[in-house]
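Asker: As a plain string of letters, each chain reads:
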Amino acid sequence: MERVKTGIKGLDEMLGGGLLPQTANLVEGAPGTGKTILGMQFLYSGITQFNEPGLILTFEQDTQQYLHDAASFGWDLKRLQQEGALRIIRSSPEVTLADLEHVGGQIETAARQMGARRILVDSLSHFEHLASDPVAYRRLVYGFINGLKREGLTSILTRESPALLGEPSEDEEDIAFVVDAYILLRYVEIKSVIHRAVLVLKHRGSDHAKDIRRYEITDRGLVVRDKFEGQEGILSGTPRSMADFFDKAFLGERR
Amino acid sequence: MSPGDKELASRLMGDMDPELLQFLKSYVTSFIKWDLMRFFHDNPYATDTAENIARFIGRDRETVADELAEMVESGVLQSHQVGDLIVYTLATDPHIRELMDRFVLACDDRQFRIKAIYHIIRGST
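Protein chains in written order, with our numbering: chain B, 3 to 257; chain U, 13 to 137.
None of these hints come from the bench; they were simulated from the model. Incorrect hints may have been included.
Claimed, not checked - Going by beta-carbon spacing under 8 Å, a handful of chain B positions derived as facing chain U:
1. 65
2. 86
3. 89
4. 90
5. 92
6. 96
7. 101
8. 108
Glycine included, every Cβ here is placed at the ideal spot set by N, Cα and C.
Sequences and hints are given; from them, build the entire structure.
Answerer: The structure is reproduced here in structure tokens:
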């Protein structure tokens, strides 16, 4: 099966080889977990390793901020934009939705002119203020995602999780039904040290790793490491070691 | 402008790149336009409404809408109807883009900035 590789060491393996073409893939996490870095790495790898031009659609961050942040990982997005392999479009959700409905809109034109195959949407959270309730929000995101798929794009959609530690609320999980893959980035506290954890919660039409793995943000981007061994309750943000859990369950509090 | 002011302006602008001086005189006629130039320079593929652009640059919506309309008229920007919305993008004219890039880069120099500020202030009186 054809795969769209993220180029992120360890993540493609977790995804069963990579993302599936023309799919919408949600990356959710608290501020600072590296959602945008993951998305930029996906685009940079796509252009430089797989000759797949890409778009960044941003609703908040300045174009210069992406160029600056990317440069700190050695990714020269400025050059890629000058060469026409990348385009950073700064817009708003309402304009984007109208644009995708419109034949010959900016995204459609850019995708066709550049032969774009990948897109980073940063972030989906900004669509929330356009919808009056969760059902309307879901419908709106569904329409948006289908617009991107129609243009032949494989997308990474970032979404902010308000909780720094712990599991997402039911409202947050709701959007998971409309996306093809759902990748969670979490902070985990183990013995007073904060670690970063990644989990592929869903990957429609593909096998994927079910374990929770450690990842790091290095000077060359995200690198997924080994899985958390001997810990349980990772997604709670404050896991207990299996040994402690066993002691408490079978030996009580005396020990 | 009094003869004394004209002389001062002439001395200040004397050593400025003539093309940039012409650009300044023709296109950067207010501080809001200056902000908008920087916004579109930093975000060359921006597509947004007057309201959102105003919010982003931290200026009054109605004033920004008027300035955007003038920039469309002068050929720096283009406006498009997208559904019910009017959105603004940078004009595709490579010469205008190049001059805008040069203007924004020149603004990194304090002396140039002072001259440009002086020009806008004098132009608005």
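Asker: Now, for every hint given, state plainly whether the structure supports it.
Answerer: Checked hints:
1. Given hint, residue 65/B at the interface with chain U, holds; its Cβ is 4 Å from that chain's nearest Cβ, closer than 8 Å.
2. Hint on residue 86/B is violated. Least Cβ distance to chain U is approximately 12 Å, over the 8 Å limit.
3. Checking residue 89/B against chain U by beta carbon gives a least distance of about 5 Å; that is within 8 Å, so the hint holds.
4. For residue 90/B, the interface hint holds, since its Cβ comes within 8 Å of a Cβ in chain U; the closest pair sits about 6 Å apart.
5. Look at residue 92/B: its Cβ gets to within about 4 Å of chain U, closer than 8 Å, so that hint holds up.
6. Given the 8 Å rule on beta carbons, the hint for residue 96/B holds: about 7 Å separates it from the nearest Cβ of chain U.
7. With 8 Å as the threshold, the beta carbon of residue 101/B comes within range of chain U, its nearest partner Cβ sitting at about 5 Å, so the hint holds.
8. The interface hint given for residue 108/B holds, since its Cβ lies 5 Å from the closest Cβ of chain U, which is under the 8 Å cut-off.
The structure shown violates just one earlier hint, number 2.
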